[in-house]
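Hey, can you work out the whole structure from these sequences and the hints?
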Amino acid sequence: MSALASLTRETTTAAGGRPPAKRRKRHLASYLLLGLIALVFLVPAYWMVLAAIKPNDEIYQWPFTPWPSEPTTENFSAALAAAPFDQFFMNSLLVTTVGATVKVALAALTAYAFAFLPFPGKKWLFLGVLGALMVPGHVTLLLNYSTISNLGLINTYAGIILPGLGSAFGTFLLRQHFMGLPKEVLEAAELDGAGHLRKLWSFVLPMSKPAVITVALIAVIDEWNDFIWPLLVTNTLDMRTMPIGLMFLKQSEGLDDWGMIMAATLMIVLPMLLLFLFAQKYIINGMAGAAVRR
Amino acid sequence: MTVLETERTAPTAGATKDLHTESPIAAPAEPQSRNHRKYLLFALFAFPNLLLIAVFAYWPILGNLLLSLTDWDMISPFPNFIGLENYTALFTDPGFVDVMRRTLTWVVAVVGASLVCGLGMALLFNGGARGTKAVSTLAFTPHVISGAAVAAVWLFVFDPNYGLSRLLFNAIGMDSPHWTTDPDMALSALIIVAVWKGAGFVAIVYLAALQSIPRDVIEAAQLDGAGRWKTFSKIVWPLLTPTTFFLCVTQIIGAFQAFDLIAMMTSGGPAGSTTTLSWYIYEQGFQEFNIGSAAASSVFMFIILLVVTAVQMRFAERKVHYS
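Keeping their order, the protein sequence lines are chains A and B. By my numbering, the letter at position 210 of the first sequence is numbered 210, and the numbering carries on one by one without gaps. Every number in my numbering is 294 more than the matching position in the second sequence, counting from 1.
Hints listed in this document are in silico derivations from the structure and should not be mistaken for laboratory results. Because the structure is a prediction, the values reported are computed rather than measured. One should not assume that every hint holds.
Said to hold, decoys possible - Using 27 angstroms as the maximum straight-line C-alpha spacing, the simulated BS3-like pairs for lysine-lysine come out as follows:
| hint | chain 1 | residue 1 | chain 2 | residue 2 |
| --- | --- | --- | --- | --- |
| 1 | B | Lys332 | A | Lys199 |
| 2 | B | Lys332 | A | Lys123 |
| 3 | B | Lys332 | A | Lys25 |
| 4 | A | Lys122 | B | Lys427 |
| 5 | A | Lys209 | B | Lys332 |
| 6 | B | Lys528 | A | Lys122 |
| 7 | A | Lys183 | B | Lys332 |
| 8 | A | Lys25 | B | Lys524 |
| 9 | A | Lys209 | B | Lys427 |
| 10 | B | Lys427 | A | Lys281 |
The structure is reproduced here in structure tokens:
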């Protein structure tokens, strides 16, 4: 923030020598551009919401009307009638909660082990974790399908969740953070006779709250939005997650009921949108910060 | 490195020797058994995760290599070894050459446009005009939204009969193109959506990098009489190089694996015009059940992305602590 402010100040001092009219023109230009960018992102969102609450005949009525004569929920009931979106929602909720929780727990335990416990060849094991960051998910699909199928887990919740549980990114991020913690606190905890689990739970995790929240939020978002794996590993309607359900709806109903499809889309988008609204600081800083700090 | 190191070295350190004189025999034995307990604890804490990583990230790489040398169809109990046939078949198939050419177009267009749009937005956001925070958050939002949902919205936007596209094209007296059903338009349509979804993330990363440039560096340049363009091209852009490099690599990796947009909007069509390598692997593996061919294509994708990552690691300075 301070750097941002400083750069602004820098432009104003630089522009100080120029006639104020020119400066005002530049300000106007940047406001116009900001407005334009906002439109680029808002208009498609508006287009979705509008169709979701418009009576069906108005969607297909031309000339186009920018506001529904009477907002309606009929598209949502139509989507629920055409496909079990309540079931999809529960599936997504379950897979996301269980998957993200276990993933974060495993990442925290592994990060703690790598940061504070000895093990022969630990350095190589950690390189192994880092190496997994370089394995593109798409090339693991065939073999993971065959593994999950050999385990008899096709079309089960365990089958959807299991391959995503291993956490290389979370382990890496948390370990970096754990190693930066003040040693005195941990030493004091040790002197008090705290075991390692207690040290992790009562000292290390609370002191690493932002990092843990970031890892958890990214896990939740990934899990909720995951597409290709749940598509491959489930094969009955009652096991599908929200995004797959949306594709099913599009395939089975065709593209001639936009109101219904946009209502279903809104149901998928809303939970993550709310999450983003409340936790944007952690999500943006986490996702972009991890990128810059490396 | 922390508590452990001091603990392990304490009995041997000269200064602490006097403190331990009461039990000279127990002192060397105790850390030994304690260490074993710690090894066990390490295993309990880390091995579940490490096992998952081994099974679901490393085994697939090896397994792909093996499967790519067979003609397995997912049904027959044992795959036949056929050597490099899958690879020679791929590289002599003009269809696959087309897939690769299309993949390259897709990756270059998506990554290039995302970086240009992202940097442009970041420079604007860095100006700090009122409302910047809200707009930058807005631009970031598609990054956290399901690709399937984004694809559905854009399918509707692109609908030539009832979509936003008709409205806009009618306004300038034209008919909307058939974005997703015209083989000449479909890839461009997908590129637009991918850039819309990803540019906000690029912008935020660039913005963070811009804000970390020390203010006096830019002031010094300005004192020397450098104008806006010169300050950018001679000072800011070179300082952004590591960020640009990092973004290039992560965006390339992402674009190669793009799937949900394609699956939802075009299913690789029309007439194969949006079949990129990622869709091709899916099609070969899970629709045609040519497992060997899908595995060979997966190995090919893995090698390409490995090279891309290796190039990044070679040139980007690494700040990871390894021990």
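A quick look at each hint next to the structure:
Distance restraint check for Lys332 (chain B) and Lys199 (chain A): the Cα-Cα separation of roughly 14 angstroms lies within the 27 angstroms cut-off, and the hinted pair is therefore satisfied. The hinted pair formed by Lys332 (chain B) and Lys123 (chain A) meets the criterion: a straight-line CA distance of about 16 angstroms does not exceed 27 angstroms. Distance hint between Lys332 (chain B) and Lys25 (chain A) is unfulfilled; the C-alpha atoms sit about 67 angstroms from each other, more than 27 angstroms. A threshold of 27 angstroms between alpha carbons decides the hint, and for Lys122 (chain A) with Lys427 (chain B) the separation of about 43 angstroms lies outside it, so the pair is violated.
The suggested pairing of Lys209 (chain A) with Lys332 (chain B) holds, with an alpha-carbon distance near 25 angstroms, which does not exceed 27 angstroms. As the CA atoms of Lys528 (chain B) and Lys122 (chain A) are separated by approximately 44 angstroms, the hinted pair breaks the 27 angstroms bound. Our distance criterion of 27 angstroms between C-alpha atoms is met by Lys183 (chain A) and Lys332 (chain B), whose separation comes to about 18 angstroms. With a C-alpha separation of about 21 angstroms, the suggested pair Lys25 (chain A) and Lys524 (chain B) falls inside the 27 angstroms cut-off, and the hint holds.
Proposed proximity of Lys209 (chain A) and Lys427 (chain B) is supported: the alpha carbons are some 24 angstroms apart, at most 27 angstroms. With a C-alpha separation of about 11 angstroms, the suggested pair Lys427 (chain B) and Lys281 (chain A) falls inside the 27 angstroms cut-off, and the hint holds.
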